[in-house]
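Make a model of the complete structure from these sequences and hints.
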Amino acid sequence: MTYDARRRDRYRFAVAAVTGLATCAVAGATGAVTGMAEAKTAQDAAEKAGQQAAAPGARPRRPRVVTKERPVKTEVVTRVVQVSVGGGEVSSPASTSTSTSSTSSGSSGSSGSSSSGSSGSDSGPGGPAPQPAPPPPPPPPADSSGS
Amino acid sequence: MSTWRVWSTYVQVCVTDERLLPRAKSLTRRLLEDVDRTCSRFRDDSDLSRLNAAPGRWVEVDPLLVEATRVAVDAARITDGLVDPCVGRALVSWGYDVDLELLVRRPFAAVPDVLEPRPDWQEIRWQDGALRLPADCMLDLGATAKAWAADLIAETAAAELGCGVSISLGGDVRVISSGGELWPIRVSETERSAVDQTVGLARGGIATSTILARRWRTEDGWAHHLIDPRTGAPVSGEVRTATAVGDTALAANVASTAALVLGADAEAWLSDRGVHARLVLADGSVRPVRDWPAAPSGKTAA
Numbered sequence: 001m002t003y004d005a006r007r008r009d010r011y012r013f014a015v016a017a018v019t020g021l022a023t024c025a026v027a028g029a030t031g032a033v034t035g036m037a038e039a040k041t042a043q044d045a046a047e048k049a050g051q052q053a054a055a056p057g058a059r060p061r062r063p064r065v066v067t068k069e070r071p072v073k074t075e076v077v078t079r080v081v082q083v084s085v086g087g088g089e090v091s092s093p094a095s096t097s098t099s100t101s102s103t104s105s106g107s108s109g110s111s112g113s114s115s116s117g118s119s120g121s122d123s124g125p126g127g128p129a130p131q132p133a134p135p136p137p138p139p140p141p142a143d144s145s146g147s
Numbered sequence: 148m149s150t151w152r153v154w155s156t157y158v159q160v161c162v163t164d165e166r167l168l169p170r171a172k173s174l175t176r177r178l179l180e181d182v183d184r185t186c187s188r189f190r191d192d193s194d195l196s197r198l199n200a201a202p203g204r205w206v207e208v209d210p211l212l213v214e215a216t217r218v219a220v221d222a223a224r225i226t227d228g229l230v231d232p233c234v235g236r237a238l239v240s241w242g243y244d245v246d247l248e249l250l251v252r253r254p255f256a257a258v259p260d261v262l263e264p265r266p267d268w269q270e271i272r273w274q275d276g277a278l279r280l281p282a283d284c285m286l287d288l289g290a291t292a293k294a295w296a297a298d299l300i301a302e303t304a305a306a307e308l309g310c311g312v313s314i315s316l317g318g319d320v321r322v323i324s325s326g327g328e329l330w331p332i333r334v335s336e337t338e339r340s341a342v343d344q345t346v347g348l349a350r351g352g353i354a355t356s357t358i359l360a361r362r363w364r365t366e367d368g369w370a371h372h373l374i375d376p377r378t379g380a381p382v383s384g385e386v387r388t389a390t391a392v393g394d395t396a397l398a399a400n401v402a403s404t405a406a407l408v409l410g411a412d413a414e415a416w417l418s419d420r421g422v423h424a425r426l427v428l429a430d431g432s433v434r435p436v437r438d439w440p441a442a443p444s445g446k447t448a449a
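Here the protein sequences come in this chain order: E and Y.
Residue 48 in this note's numbering sits at position 48 of the first sequence, with consecutive numbering throughout.
Residue 301 in this note's numbering sits at position 154 of the second sequence, with consecutive numbering throughout.
Hints were generated in silico from the structure; no laboratory data involved.
Quantities reported herein were computed from a predicted structural model and do not represent experimental measurements.
Treat each hint with caution, since some may be false.
Stated by the list, open to error - Computed footprint of chain E on chain Y, listed as stretches where at least three residues anywhere in the stretch have a Cβ under 8 Å from a Cβ of chain E:
no. : stretch
1   : 156–170
2   : 229–235
To be verified - Calculated Cβ distances over 10 Å to all of chain Y for the following chain E residues:
no. : residue
3   : P130
4   : Q131
5   : A133
6   : P139
We treat Cβ as the ideally placed atom computed from N, Cα and C, and that holds for glycine.
Shown next as structure tokens:
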């Protein structure tokens, strides 16, 4: 028996139907459980309120009404970006590399990736000088391509 | 650095303190989802879709969409309408009414009758949490929202994490240095093409706009997402790709988008405004503008 397009579509339909039914069943069950829990909570609250109201000198509580006009609200703080053109600092690829190496030229050159490093050669005759922390590696390149 | 895909393009997040990268990624994903939920033209449940469904009336929307719209109108104002957020209807008429990944799978789109465009952006009004579009206007924030989101993410991440940050959102890059880092940026015409040049960005933003990406076939050849608001049709392509630098990713993107719209007049326009830029003309030749660094391979046209 061959597995043709019609058979595939029938299987797809069956899978979709089963998935849909299962989803409905799960949703219904969840709703029922949630509803029962909510009812129990409401019942408990009502009993408690009744006990409080029955207590001598107790004042009846008003239910709070919360109005929610929109279900979702963004919580991020909007940062105002001023619109302009111009500005920014761009430099040549040569200065990208020279800037990186010039930053590290005064250091020990302990980084293995430094091509101009001369580890230990600047220590001088008076013994090893305290070594400053190695410079952080340059950031990896980001891409600016049209999209 | 962490990279993933969103909005039919890529996101790159880099921080100077690698230990903070997970937090930077989480923050970026959250903000991108917020921007998408509010500003997407392709989601039926977005605030922008609700707004576009009711032109001429005040619509309650998320403050994030109000800010994205204010920024888009500002971009239109400083470019005298070259970067116009009211080209939504023109884009739809050219077939761009779904996400690009769906659009490119469709049969060739018919070429529409191009209508006389109107400067609707001047009639957009906003208040706290509400917007009103002019009648018959369909807002499209595609020209500015991506770059604005890159700025929003970079500034939020730098403030919350206290480190240097670089965000590239589909080529709209914003860097914020914490210790004078020079961020290397690879410039290319499209995501799939070879890197043309690597430059260093000490601060601000850089953006590349092109007619070679986000395009689809019509019965009359290629169409693309960059509409000339003066004609209502895709830009002609005398400048096919523009890379520009600015104080922010948005500033850079406004300049690069305006350059594509202006075509042959782009070089003078950018130079007059002090924008460092790199233009690729229709024949592939390259023109640097102002202090754009020279390419080592000598690709620059005479």
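Verification of the hints:
1. 156–170: holds (count 5)
2. 229–235: violated (count 0)
3. P130: Given a closest Cβ separation of 21 Å, the condition holds.
4. Q131: Holds: least Cβ distance 19 Å, greater than 10 Å.
5. A133: holds, 12 Å
6. P139: violated, 5 Å
Violation of the numbered hints given earlier is confined to hints 2, 6; the remaining hints are satisfied by the structure.
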